[in-house]
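Undergrad: Residue-level listing of the chains:
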Amino acid sequence: MTNHAHRAARFLKNEERAAWHDKTLWMVRKKRDLMALDVPDWEELREQASQIKRHSLSKLDDYLVQFEEQAINNGAQVHWASTAGKLNEIVYQIIKENNASRIVKSKSMLTEECGLNPFLEKRGIEIIDTDLGERIIQLKREPPSHIVMPAIHIKKEEISELFHRELNSEEGNTDPTYLAATARLHLRQKFIEAEVAITGVNFAVAENGAVVVCTNEGNADMGVHAAPIQIHCMGIEKVIPRLSDLAVFTRLLARSATGQPITTYTSHYLNPKPGGQMHIIIVDNGRSELIGKEDYRDSLKCIRCGACMNTCPVYRRSGGHSYHYVIPGPIGSILAPHSNSKEYEDLPFASSLCGSCSDVCPVKIDIHGQLYRWRQDLSQQGARSPIKKGIMKVSGKILASDKMYDWSGKAARWCIKYLPRVLIYNRLNTWGRERELPEVPRESFKEWYNKNFREGDKNGQK
Amino acid sequence: MFKMKIVSRSNIGLFIPCYIDQFYPKVGIATLELLEKLGLEVFYPSEQTCCGQPLANSGAEDKAIKTYNNFVRIFSKFDYIVSPSGSCVYHVRENYNILPQTDEVRKVRQNTFELCEFIVDILKTDDLKIDFPHKVGVHQSCHGLRGLKLATPSELIVEHYSKVHRLLKKAKGIEIINLDREDECCGFGGTFSIFQPDISVKMGKDRLDDHRRNGAEVITATDMSCLMHLEGIARRQNREVRFLHIAEILNSNRL
Amino acid sequence: MDRNKILLNIQRSRIKPVNLPEPFCSAEKEGDKTILFKEMLMQTGGDCIEVNSTEELNSLLDNNFRGATDLRRNELFKNFLSYSNKDSLERLKTVILEGQFGVAENGSIWIDDSNFPNRLIPFITEELVLCLDAKQIVRNMHEAYLRTDNAISGFGVFISGPSKTSDIEQHLVYGAHGAKKLIVVISHETNLV
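Chains as they are written, first to last, in my numbering: chain G, 1 to 462; chain U, 1001 to 1255; chain D, 2001 to 2193.
It is possible that part of the hints are untrue.
[What the hints assert, rightly or not] Partner residues aside, some chain D positions facing chain G, computed with beta carbon under 8 Å:
| # | residue |
| --- | --- |
| 1 | Leu2007 |
| 2 | Val2018 |
| 3 | Ala2144 |
| 4 | Tyr2145 |
| 5 | Ile2152 |
| 6 | Val2157 |
| 7 | Ile2168 |
| 8 | His2177 |
[Said to hold, decoys possible] In silico DSS-like pairs for lysine-lysine, Cα to Cα no more than 25 Å straight-line:
| # | chain 1 | residue 1 | chain 2 | residue 2 |
| --- | --- | --- | --- | --- |
| 9 | G | Lys30 | G | Lys155 |
| 10 | U | Lys1077 | G | Lys403 |
| 11 | D | Lys2016 | G | Lys59 |
Calculated from the structure, these hints are not laboratory results.
Note that the Cβ used here is the ideal one computed from N, Cα and C, for glycine as well.
Can you make the complete structure from the sequences, with help from the hints?
TA: This is the structure:
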């Protein structure tokens, strides 16, 4: 069994928790459906978003240069980081140059991908994640399990226990309103005292150098406006051409992600506050290489909404941690192998290829098509175990010859029919662990047809 | 006896998927009988083996090329190729794009049809004079649903239609039940069912529970693979529900 | 240098150019804009009060929001310009600001640097009151971004409802970090002060 399969099996052992996880995320998918129904031209909007992103990727260098120019004109400082390590270094330098020690960060999958937190912590810098879900997993020392709802896998009883231990909240008080209020109070001080605020970037507008960040909690804004220094970290693929394009994406994003018409705050940062500094760090970390892969380029259209996760029947029943990559679910499964094909070779197979992900993707990434492609490419690259490789080779020969196929089929049927049950339903028979094999018919269709119809007779008269 | 003017003069090649050939010949027989009742001349070329999907889905597309070419060679002489399997038809129409696109390949790809879409779109009929007084749960197999567009997936915001429902709802006495999740995947997914057995089975159990909650006596689908997986679980759990491929229901008619 | 490395890498990919699509023509959702706006605002957890004249507006604000910090007039800005004195900002209980325009499809309101002296104010206050002229409600985000007309000051934001989170078992809680309450006062047929 693959890495994902093992982890999924563990996740499913806690039946109640797994059922809750599945049901809860299905409800978010249904909320998305209701919201989408409310937009008269939803499918056309998706197509528009897809085309804007495709266009942007085809002229990415021009738009990045334009964005940089505008941002600098506005008064921001723009940095470029070709690798994860470079991003971390740049952030560290900015912090050191300003003698800062109190850092807050709002949600940024990019900084998660680059390992910013552990990098800074190793250098003695404490960094507080201010999104409630992220703060919870930070205190729990766990990675996020969903890109929008990072603590979706954690129950309120566990959060209550955690807050009691770390934040001195009332023991046994599991009321979500009380717990959220506890977090608000605790983080309030952090905002007020913050010297550096780090954010991610939902969209970067080339036309006017605007950095756009969407949150429900307001934690990005609390940090950015309280701290003298603001740092926005963006992947190169986040740049879009014009302000007017934002209309398309802001109409799609929250509806797809959480079933809301828009996030509570859609903030546009163009220049630093009086006396403050605004830094934008543009990060590559493998993205420019992905642009060159025609089969997988479209994965860069992703606006990180998480809709694919909510609709995926496999994700809902295995949880984000089963994917062992910073971004889980369907989109994670097509991004991860690009980052490390050996470590993540299991992920494109962690799917039944039902195709629902591609249908909910607001930017129309052909996710299930890319999963299928990755399976071929990974197998070519030698990802398969020698046993599986052997099985495929033999199967290929059998299916290509009608005589071998007929004989194998007959042999398989004979075995299932006549071998003792204990031999068939053994440990090697994964199908048979919780399923019966099909009942064996008297004859195959081919045998029936050849018996009842004259050979070579086109009409098939009995 | 129906007389389909243009189509009845065409010759129809019957493509029976490997697992139906081996384990569910009754589905192949029902398909053949149904098409003949509809006035068509159907021929089953017995050199056929498989469409190659099991290999391709496992990442061994390159090992399946010979099987693909055989398929094209065997079926290129037919005007239409009909099969009681959404996923196999989807595979031929979509994934045979890696073959050099000769006239033969193009012809086969364009003219391979799943049974329901063939009846609705090509034969242009939907009343098969069926008597089926049962509560039926329709499992909407993913490849047929999203791949062949046999119906509208619940997540797409477009006008609703369903070719399978169109054919079924005219059956006398039938009650098509509503499910809580109308088109969630059953978890078969080909080799997924073997290499991810825990999730595969959990997905199957959840589907069966949905059908049971809503009173299904019979569960049907366009893909026997889905039903094989669901039936396997149901039999192990001694659940009381029958499984019939759509061809078997459509063939239980007074034509 | 990383900048050149990244740009060169992108250029090396040599993708076929893809056209920028024509501006999106949005199908109109039927219904009165103000009614739609109110519906969406309430769906997002905001409160809505309607008034019909400037007198009614001022009377409402005096009575219902006694003691609020009214920052609709620029003269009061000077008290809150400093970013270093955050304690006075922390003490803000209710702040009244003028909203520039509203968006019917999602109940959001646009405000920017011209509407407040200090960017922290709309977020740090416990309760936020936004005054909106009913004539200044657009239908959707396409119209909204046309309204901002690419003349966004250094910071602008669409605010839709109070701050919220569902991170604890998907239970909706208002007042995560930003304002716990958002009240929108819609004025019909007035000249806002």
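Undergrad: So which of the earlier hints does this model not fit?
TA: none
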